[in-house]
Amino acid sequence: MSTGSESNDLLFLENTSVAYGDLVILHDIDLRMQKGEFCTVVGPSGCGKSTLLRLVLGQQRATSGRLLLNGHPLGRADPTRGIVFQHYSLFPHLTVLQNVIQGHVLPGLPFFLRGAKRRRVEAEAMAYLDEAGIADQAKKYPHQLSGGQKQRAAIIQAILTHPDIVLMDEPFSALDPGTREDMQQLLLRLWIEHDLTVLFVTHDLEEAVFLGTRLIALSKYYSDGRSASPDQHGARIVVDLMLRERNLLPDATIKSEAKFAKLIEQIKNQAFDPEAFQHVLTHDLSHPDAYFTLDDIQARQPS
Amino acid sequence: MLGKYLGLHAEPPTWLRWVLGILPFLLLVVVYVTTSDARLEENPNDKLFPSIETMADSMVRIATEPDKRSGDILLVKDTVTSLSRLGKGIGLAALVGLLVGLNAAFFPVFRHLVMPFVTALSNVPPLAVMPILMIIVGTEDQFKVILIFIGTVFVLSRDIFRSADAIPKEQITKALTLGASQFGVVYRVMLPQVLPKLLSSVRIVLGAAWLFLIAAEAVASTEGLGYRIFLVRRYLAMDLIIPYVLYITALAFVMDQALRFALRVGFPWFREE
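Chains X and C are the protein sequences, given in the same order. Residues in the first sequence are numbered consecutively from 1, following the numbering used here. Residues in the second sequence are numbered consecutively from 1, following the numbering used here.
No wet-lab data here; the hints were simulated from the structure. As the structure is a computational prediction, the values presented were derived from the model and not from experiment. Treat the hints with caution; some may be incorrect.
Label-pair ranges, simulated between beta-carbon atoms [to be verified]: (1) X:258 with C:108: 46 to 56 Å; (2) X:113 with C:116: 36 to 46 Å; (3) X:173 with C:27: 52 to 62 Å; (4) C:254 with X:110: 35 to 45 Å.
Calculated pairs, DMTMM-like style, for lysine to aspartate or glutamate (alpha carbon to alpha carbon, straight line, at most 25 Å) [as the list claims (entries may be wrong)]: (5) X:259 with X:245; (6) X:140 with C:170; (7) X:262 with X:289; (8) C:169 with X:170.
Using N, Cα and C, we set each Cβ at its ideal position, and we do this for glycine too.
Just chain X, same shape as in the assembly (with noise of 0.2 Å):
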């Protein structure tokens, strides 16, 4: 564990939580991601997986706390961050390969693309669509495609700016579980070749281990020593764990290794347990990141 210092994190959470009201979703977060980094979050359902996403990701507002990207205040969303959705990453009507150059057409003027400048746009485009294996669908609408070309579409939609981070919310849970497998293949060598960093909230435990570098797992069972119940407090961050290099790819056979299942079975009983109730200073923080900031009230001993 180590104490928070922002200068050379390209992420920096510090004491973030996120409420309505009364109702806590996320409570005091300290996170920090370094470039190149492939953290997957997890949590059972409804712990705010996808509400501290979308965090990052500036569609919502945190209720308090300090967020940082590159050392910069996080603002609205901005082609700093890229996001591939579930759903509705792709714009329906525009054709694949339209829809992937849109980070050049976008940004200022004039609508569309010309010349010199549109035929190296469409040819780097090319060139990633067809890493990702659809260059045959580039004409072609999103209707028209199966659900695990539309994603691949999406990625490609969302690095071919080279944003800071890369955002991914459930990305391949809709998919069908060969096509899943195919889609994290190709995530995750697109992710080495590309040198992106990437935070990537899945529901899947398994999803999560295999390719993230580091697994964050979010959960409101747990205790502070102030409230009994989860309900009256939000998720904070109960595991934090290095699973690999930052560098490295995971090994094809990993996932029948018994380690594998020992490691998912001990992170189910972290976070998903809801009798698990340990206390805030156990909970395992290996990450070398890793940090929190513990207010009084919290510190105090279980009673």
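Following the hints, put chain C in place on chain X, whose structure we already have.
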């Protein structure tokens, strides 16, 4: 065997579908012709059910012979006048409805400013406003255009608002992360998505627009398709009224099909819900 033709599970073959579709039209024509023949036999000067030949003659005359007083070919003049009024009224309503609905869907302050007003005014029966309009703007061309405009603009605004509001909000965020400005989101990303919905809304209000046009022309006009049929009503000129009604129906049908064609060709990605 009969199950193919009767009941919940009937599967009529293509030829039968055509026969079934044409049957009511055929029936109407047969009933008309027999009634007309019977009455004309009794009284050759009967005006109520003119024969098809008489109607055709009248229609050809008005479509080819210049009017004695003005020298105009009346059918052409009526058509041009009416379609121009219809086009101006509905074109203006489409433009305003698009801007109102689109901006209301995405700019909350504008939404709270205009939508309660639009919703309230859409309940006013446009024909009830007609006397007010006649007093204020008179009975010239702009009276008919404004009546059509008032009769359709509120429905169009609400339609466009609903369509634009139904676009997933993810797309706003998506466009912002791709570098769009706030106006860029609305006018470069959302507007093109709403355009085909505008066309299909216009198709729907076209029927109402015809109603207001003909009502306005009946009340106060000197030319136009609606004016003509109400004018000749004084002489019980069924031989002109009936073909005129058929002609107006055909015009409405052609306009509807033209919009449908424009929708299909201009917006190949568009899926009607």
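Hints and how they fare:
1. X:258 with C:108: 46 to 56 Å: 54 Å, holds
2. X:113 with C:116: 36 to 46 Å: For residue 113 of chain X and residue 116 of chain C the Cβ distance comes to about 42 Å; the hint holds.
3. X:173 with C:27: 52 to 62 Å: About 57 Å separates the Cβ atoms of residue 173 of chain X and residue 27 of chain C, which means 52 to 62 Å holds.
4. C:254 with X:110: 35 to 45 Å: Check passed, 37 Å falls within 35 to 45 Å.
5. X:259 with X:245: 17 Å, holds
6. X:140 with C:170: With Cα atoms ~21 Å apart, residue 140 of chain X and residue 170 of chain C stay inside 25 Å; holds.
7. X:262 with X:289: Holds, at roughly 23 Å.
8. C:169 with X:170: 17 Å, holds
Violated hints for the displayed structure: none, as all numbered hints are satisfied.
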